[in-house]
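So the sequence lines, in the order shown, correspond to chains A and B.
Our numbering numbers the first residue of the first sequence as 1 and each following residue consecutively.
Our numbering numbers the first residue of the second sequence as 1001 and each following residue consecutively.
Among these hints, one or two may not hold up.
[As the list claims (entries may be wrong)] Covered stretches of chain B (chain A as the covering partner; in silico rule of three or more C-beta atoms under 8 Å from a C-beta of chain A):
1) 1109-1115
2) 1133-1145
3) 1152-1165
[As the list claims (entries may be wrong)] Dumping the calculated EDC-like pairs for lysine to aspartate or glutamate here, alpha-carbon to alpha-carbon at most 16 Å:
4) B:Lys1057 to A:Glu66
5) A:Lys49 to A:Asp13
6) A:Lys74 to B:Asp1050
7) B:Lys1057 to B:Glu1016
8) A:Lys49 to B:Asp1193
9) A:Lys74 to B:Asp1060
10) A:Lys49 to B:Asp1190
11) A:Lys74 to B:Asp1015
12) B:Lys1057 to B:Asp1015
13) B:Lys1012 to B:Asp1060
14) A:Lys49 to A:Asp16
15) A:Lys62 to B:Glu1016
16) A:Lys62 to B:Glu1045
17) B:Lys1012 to B:Glu1063
18) A:Lys74 to B:Glu1016
In short, the hints are calculated from the structure, not lab data.
Where is the CB? At the ideal position from N, CA and C, for every residue including glycine.
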Amino acid sequence: MLSCREVCEQAQDFADGRLGPLARARIRLHLLMCRNCTSFVDQTRQTGKLIRSTLSRQQGSKVSPELMAAFRRKTGDDATD
Amino acid sequence: MDETDQLIVRLKRGDEAAFAAIYGIHNDAMVRLAHAITANRASAEEIAQDSWISIIKGIDGFEGRASLRNWIFRITANKARSRARRDGRSRPLNAAAHAGESLGDRFTADGSWAEPPALWDEITPERILAGRQAWQQVLAIIDDLPPMQQAILSLIEGGRMPAAEIAALLDTSAGNVRVQLHRARETIRDRIDRDLSHERKMKKDP
Ligand SMILES: [Zn+2]
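Just chain B, with the same shape it has in the complex:
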């Protein structure tokens, strides 16, 4: 019996710590997934709560043939989709884009650097942002991303879910999931780079 099987057994027995653990692991990604499907942050919170109610009700019937994680996110995606239909929102998926697009105008026509990146190695982001807590800054950047990218980032980087499973949840292709993931990470790298250069300038001439 692996760790997840044990968690399921404990859930079925009514173990509150097990429920709290599963909730903690998945809730943020569930909200972001519902947000991506409904394009509405407030209803996304409700959908996640509503999904948990269904999960609680259905846990006895869950036999672990699918993974628990997959089952949880499928419930969330289905609820979000019917909510979006009810609200008359059918959200167009982000058009598939070329992965290099987000690198923008940092390069000249022949592909060499026009605007070289700053060196991060001596002053790591953790160190320079320590006063303001790097993670809060990164979280603010993530919360600014298009909802689809937030969901993908959260499921892949936070939940280690394979791109193909995410694609099925979001009704898109695995290729598009990877493109959106690349864009999200590149946006975050670029924002941190700008913040760091700004901070360095302030240090030089305050």
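Chain A on its own, in the form it takes in the complex:
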């Protein structure tokens, strides 16, 4: 029987689906009987979702006018080759 600490150490790999069938089964068995670890694993999953949605919001920063001008210059040069 896994201890709570052992379950939580593997919580991220469990949530990421990186564990083999046996390790997964042992954790599931523990979770059936332990509310605290169930909360922990659930927090781990929700944290992953929050991180991904936060970082995808960060993906949208705008190109500075200087940089866009450099891009325009470069491709403009090519056109006159």
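With chain A fixed as given, assemble chain B with the ligand onto it according to the hints.
This is chain B with the ligand only, laid out in the frame that chain A set:
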């Protein structure tokens, strides 16, 4: 031709929307990568801008043998490394650590809970933090992490880059990348948990 190939063709043609799209997807992770290598946030911004200039110049020569993403981050890592050398900074990598370490003193010696976690299920973080916008709070926590962890988080969670590719960029092992990723996520989970318990207490007796 897949989506990235099309993007490359459009870039070579001078399509500004394609350039803006690629910039939007990668710039934040490039800044964090440069920050991790140079340990200097201000020069990290410059290095990212400088990398974009090189990317613009080199796009004609890029033939898509390597992935575009890999090429972009390699340029950034190389620039950051020579900048760090020039500034006399060679940043020691975070020592590899045991993954369970960050769980701290939440457990007793026999591995059972000393400080049980709060239940998040009825009041999800999104809901409780909605007033203050959960993502701003999470972003503040991410910005507080050691730069190496920020870079790894951003490349894996934001960019879906495999750990081995990140390890090559940061000159470390894939195992260390995963350990740092675990630490970063666990720090964020722990901070949210504390913020939520605090907020609940405030609601009970304001
Ligand atoms: Zn347990």
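Structure-based check of all given hints:
Only residues whose C-beta sits within less than 8 Å of a C-beta in chain A count toward coverage, and the stretch 1109-1115 of chain B has 4 of them, enough to reach three; the restraint holds. For the stretch 1133-1145 of chain B, the stated coverage by chain A is satisfied: 5 residues place a CB nearer than 8 Å to a CB of that chain, which reaches the threshold of 3. Only residues whose C-beta sits within less than 8 Å of a C-beta in chain A count toward coverage, and the stretch 1152-1165 of chain B has 4 of them, enough to reach three; the restraint holds. Of the supplied pair hints, the one linking Lys1057 of chain B and Glu66 of chain A holds, its CA atoms being roughly 15 Å apart against a limit of 16 Å.
With a C-alpha separation of about 15 Å, the suggested pair Lys49 of chain A and Asp13 of chain A falls inside the 16 Å cut-off, and the hint holds. Pair hint Lys74 of chain A plus Asp1050 of chain B holds up; C-alpha atoms about 15 Å apart against a cutoff of 16 Å. With a C-alpha separation of about 15 Å, the suggested pair Lys1057 of chain B and Glu1016 of chain B falls inside the 16 Å cut-off, and the hint holds. Only pairs whose Cα atoms come within 16 Å are accepted, and Lys49 of chain A paired with Asp1193 of chain B is accepted, the gap being roughly 15 Å.
A threshold of 16 Å between alpha carbons decides the hint, and for Lys74 of chain A with Asp1060 of chain B the separation of about 10 Å falls inside it, so the pair holds. Distance check on the hinted pair: Lys49 of chain A and Asp1190 of chain B sit about 15 Å apart at the alpha-carbon level, within 16 Å; holds. With a C-alpha separation of about 11 Å, the suggested pair Lys74 of chain A and Asp1015 of chain B falls inside the 16 Å cut-off, and the hint holds. Taking the CA atoms of Lys1057 of chain B and Asp1015 of chain B, the gap is about 15 Å. The hint holds against a cut of 16 Å.
Of the pairs offered as hints, the one joining Lys1012 of chain B and Asp1060 of chain B holds, with about 6 Å between alpha carbons and a cut-off of 16 Å not exceeded. Distance check on the hinted pair: Lys49 of chain A and Asp16 of chain A sit about 11 Å apart at the alpha-carbon level, within 16 Å; holds. Between Lys62 of chain A and Glu1016 of chain B the CA atoms are separated by roughly 12 Å; this keeps the pair inside 16 Å, and the hint holds. Taking the CA atoms of Lys62 of chain A and Glu1045 of chain B, the gap is near 14 Å; set against the 16 Å cutoff, the hint holds.
Distance check on the hinted pair: Lys1012 of chain B and Glu1063 of chain B sit about 11 Å apart at the alpha-carbon level, within 16 Å; holds. With a C-alpha separation of about 12 Å, the suggested pairing of Lys74 of chain A with Glu1016 of chain B holds against the 16 Å cut-off.
No hint from the list above goes unmet by this structure.
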